[in-house]
Each structure stands twice: as C-alpha cells, then as structure tokens.
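Chains E and X, in that order, are what the protein sequence lines are.
For what it's worth, numbering that gives the first Met the number 0 labels the leading residue of the first sequence as 0, then goes sequentially.
For what it's worth, numbering that gives the first Met the number 0 labels the leading residue of the second sequence as 0, then goes sequentially.
Derived from the structure by calculation, the hints contain no laboratory data.
It cannot be assumed that every hint is accurate.
Unchecked claim - EDC-like cross-link-like pairs, simulated, lysine to aspartate or glutamate; straight-line CA separation at most 20 Å:
1. 36(X) with 329(E)
2. 255(X) with 20(E)
3. 261(X) with 20(E)
4. 255(X) with 129(E)
5. 88(X) with 115(E)
6. 293(E) with 230(X)
7. 160(X) with 182(X)
8. 261(X) with 78(E)
9. 83(X) with 98(X)
10. 146(E) with 228(X)
11. 261(X) with 85(E)
12. 36(X) with 25(X)
13. 185(X) with 258(E)
14. 195(X) with 230(X)
15. 99(E) with 121(E)
16. 293(E) with 225(X)
17. 144(X) with 98(X)
18. 255(X) with 329(E)
19. 151(X) with 182(X)
20. 243(X) with 20(E)
21. 261(X) with 258(E)
22. 104(X) with 44(X)
23. 188(E) with 287(E)
24. 222(X) with 276(E)
25. 230(E) with 252(E)
26. 243(X) with 22(E)
27. 88(X) with 100(X)
28. 151(X) with 190(X)
29. 49(E) with 73(X)
30. 255(X) with 22(E)
31. 29(E) with 245(X)
32. 230(E) with 258(E)
33. 56(X) with 44(X)
34. 195(X) with 228(X)
35. 179(X) with 143(X)
36. 113(E) with 73(X)
What the hints assert, rightly or not - If we take Cβ atoms under 10 Å as the criterion, some of the chain X residues that face chain E in the derived model are:
37. 35
38. 36
39. 39
40. 75
No experiment lies behind these values; they were computed from the predicted model shown.
Using N, Cα and C, we set each Cβ at its ideal position, and we do this for glycine too.
This is what each chain is made of:
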Amino acid sequence: MFAGAAREAVFSNSDVIARIEREFIPVALKAGMVRNPPSGVEGQLYQELKRTQPVTQGICTMNSSGKVLAWSVMFDGNESVLGFLDHVADRFEETPDAAKPVMAERFMRFPVHKLDDMPNREGELEFPLEHECLGDLPRPKGSILTKVVGRALDANGLPLSNARVQENYIEDRFSVPLSFQQTLGDAAKAAGGDAFRIPNAFARLLVQNAYLGMLDVMPIGDALIRAKTTKADIVLWARRTGETQLQIWGTSDVSAHQDERGNRGDSRIWEHDITLEWQGAIEFNDDDHSAISKLTFIAVGSERLSWNRGSDQEDGLQNVADLPAGRRIDFQGKVRYGMMSETGEAYELN
Amino acid sequence: MKYMRSFLLLAFVALGANAQEDPLSEHLVPPQVVMQKAVEVGITDEQRDAIRDAIDKAHEQSSEKQMALQVAVEALGQILHNHKIDEPKAIEGLDIVVDAERAVKQLHLQMLIQVNNILTATQRNTLRQFHVTQREQHDPRSMEKRLTAKVKRVQEGVQAKSQAGEQPFEVVKLMQRFPKLMELGKHAEAETVLDKALELLGEEDAPEEDAPEEAPEPPTSFKSTEELESEVAALRVEDVAWRKIEWKTCLLQGLKASQVEKKPIILWVFIDRPVDDKRC
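For reference, chain E alone in the conformation it holds in the complex (with noise of 0.2 Å):
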C-alpha cells in the first residue's frame, strides 16, 4: 500500500510538488532492485540505499556523490513532510559531495520516530558517462503494450471529479504477450467466419488489469497479492468483421477479498467484486493472425470494494503518518475502463 498511499498523501500536496519541482531532482526506483543490488557503479548505488534503509519502501535523499542524507518511511503531519524537505535542503548545504564524511539520517516517522544514524560509506564512486539504464521497462519482445483508464462514475453516470484517489481514477498499463497475440489468432482462424470464445488466458489478462483501487486490492492475482479469488466468470467471445479484424464483446464478473495467508497480521480486511460488460476490437498484423497491431476495449459496468486498513479521514486523503497502512475505502457505483494498445515506448527484451 505504501506507494499508493505515497502518491496520494505526499506527491499530489501542491506544496510538496512546488518544492520538488523547485529544489530537487525526483527519481522513483523500484524497492526489489534495492533489495538485490545488481553489479557495477549503478548496483553500488542501491547497495548504498540497502545498506541504509530502515525498511523495504520509502523516501531517501541523497547528495550529488550518491551519499544517502536521510530517509523517512512516514511523517507526523503534511507539515512535516515540508519540514523534512528543508532539513534536507540543509544537510545538502553542508555536505553536497563526498568531500566530507556524511552520516545517513533514518527515521520511521520524521521528525520524531529516528533510528540510528548509518555510518558513512568510504569512498567516491566514478559514474560513467554512458551506461544502459537499469530503471527502463522492459517488456519482452512481439509484447504488445496496453494502457487502460478506468473512472468511477456518479449517479448520472459521469466520471467523479477527484483523480488523486484511485478508488476514484487509475491508470495502468500491461503487456499482452507474443504467444497470447497468436494463440488468439490461432482461434481466430480455426472459427472461420464463425463467432467464437477467446482464450481464457488472454481473457483473463484483460480482466485482471480492470479494477479501482491499488495493487493490494487486485481481485485476480492470487499469487501476485495473496487474494483469494471467489468468483472470475469470465466470457468474452469474437468473429471476424474482415481479414484482420475481430469485434469482441462479453462479459466479466469476478470476487476477491483477502486471502487468510495474505493479511500478514496487519489485520486487512478486503472485499472487491466487479461485474463488467465488454466491447473492444482487435487488428492483427495480417491475414496469418500472427502479431496483434491494434486493440482498443471499452468496459462498462458496477465495482464494490472496501479496504478496511489505514486513516479515517474525512477529507478522503491519505494520512501521511500512516503511509503503510493507508485509507479506509467505501466504494459502490458503476464504473467505465477504457484500454488501448501503444507501441514503441519500453525497449524490448529478446
């Protein structure tokens, strides 16, 4: 939960935006390549993140030298937040390089919350000037990627206002892979000209990936989240409108909560039903079906979920002192995905 909840508490406070904008230079990386480091100076760099960080996800500063000035999982207030930014802004003035020796700061909470300080990492590392970028996503190749939107909507049917909060707004992309494109097209040529029902794997993908809500709540991906799924009727069926064209339509209805294993004694209670009808098109490469080229899908439909986790807030925000946990949610009302194809973008793995 704790990206989500960062996203939401910390790096949508136009305060906190202004000031990043202003006074830093932002990068995201991913807490499994901090976890195990690759090699080279880059790999370095994370061990030095690993060696200093008080847990798996948070928020670090670090000197231009690569020298870790402090961390912080949460804070006791938004003002907090901005008074750890200045704290920064300060140590960064005294200790912008590796010409003296730097203390790594950690706390759980700032500013009261502190661990001890980690001592300071000898020597300076040489970054090379050209290198292959380990933070690129990768995508494997023939994938083609997908992004989707979904919206929850009001009584009248219209999407609801507040994007910051993805009980409300998301947006996520996935890749169908190579072997998927063609085991439709396999089908696809089998029917002929009649209607039939796509693969259950690729119709499982596409479900998967329509939901409100962060990671944690994603009702089909057992092994993924540690949700049990209860229910994932899932019917999507095709014909062909040309020599490369398929219609879809269909239709979705899957149930999770959270599995008994998956609460890891924080005590999470979760339940995420959603029920969709489905109307897409499909363009492969050529006559042979072999690569899909195009695919767009509209999904419209009704979603429950509740989380039962983090702060009450009235405001509907994250509280920025309980980040791991983040916010209770209450959502019932129709929604509407959309999901379009791109190309180009991540670089591709063979």
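Based on the hints, put chain X in the right spot on chain E.
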C-alpha cells in the same frame, strides 16, 4: 515395473511432505467470516461496533510492530551479510527478530480472541462450522486429496497399459517432474503434470468450465474502432496532481542532474512503479 513403482512412490512421498495444517485455526473464527455471515447469524449493531473496535485497536498497534519486525530482520540481514559473521551478535539479532515476530502474532491472536469473545455461543458455533467447511473447500488438504486421487488414476492407467503390453514411457518421463514440483510448492504445475499424464493415458478429466455452445448475443450496435479509441481517450484525465512531478527512473541520470543543477536527489523507493501511468 520397478521404475513405475518408484515414480509413484515418489509422487506419494511428495504429496505427504506437503500435507501441512494449522491445528489452531479451526478454533477461532476470523473477523472476515463474521462479517461475511453477519446477517445470517444475527450480528447486532453493538457486536459489529465492538468487532470493529477490536480490529481498529489491533491495527493501530500493528503498523509499529510490523515495522519493528522489518527493522529487526534487516538488522539481522546486515550482520549475516558480513564476510566474518559475529556469532553472538547474530544470535542476539535473531532473538530480536523472534521477539518482534511473537509481538506481531500475539497482537493478531489477541484480536481474534476479542472478536470471538464478542460472539454468542450459538453464533460462534455456526460460524466455526462455516469456517471449517470453507477451509476444507480451499484447504491444501483438499488439494492433496485431489492430487492423490489423480496419482492413483495415473498408477491404474499405467498398470492397465502395461498389462495390455504397452510401455507408457512418455507418462513415466513426464511424472518424473511431479515430486520436484511438489517439493517446490508448485502445486498447480504439479497438477498440470498429472492432467497431462492422464491425457496421455486417455483418461483426461472433462474441462472444469465448459464453454457455452452458443455465443451470447452481441451488442445491438458495435462501436467502430475510432469510436472506441475516442471513448478511451476521453476517460483520461490530463491534469492529475501526481503526474506533475517528472520522476526520472535512472539513478545515474539523477546523480548527473544533481551535480549539474546542484540540487539534492529525492528518491521514491517502492514495490512497483507508480510514476506516470502505473497503478501503485
């Protein structure tokens, strides 16, 4: 036949090794089950409030305890990471981890006890029965029973083929993967192996989910690709607060910018990638 007996024995051993159970969980009804069946067992508003209070109270304390556990695990990891491991320090570190784990588990158990004590005897009995039934349906032991039955069917199929003078080497070769998959906890893959073996023996199960024979009625009016694209584009909000910060994703590029612009770096370290357009 010796090799066939060997792989079947291994398959059963693999099953036995994975038969684990939590002997205590059947005694306490978890709060999600109480809430799920609240209407059926007549949970009153007062009980509901008391249960929520118990959960809230546990939650208030759980973040700190979880954090303490994570800190303790990290600290122990640091000690163990050193080339020469300081044994007394490592043992001391382990004690701290175990204490922190105990605190987390104790808190969870306390919450469960409090929730169960709020229920009447009748409610608790009904919910406990429901919980046990529900567990049995999803429990690894049910999976074990299913896999055991399938292994038995493979065994019988192999014997039948052998008696008919055939040597199902392909099935035997396939089944060699089964014990390893069970050992690794890859139960779904292990079951796939069994299904494939049954298929090779001509005894595959009927698919769990039969596709309807007739396609459901398509929408009365299909939207064109252009209309769909336009609707998808209209859903996107350009001016979202969290999109305003332009996060770099390369640490080295960030350091280079830090040196040129003489500004500190702020790093957002997270499980997934919430920059730009990713859910987080």
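>> For each hint given before, does the structure comply? Return the numbers of the non-compliant ones in rising order.
In response: 7, 8, 9, 14, 17, 18, 21, 22, 34, 38, 39, 40
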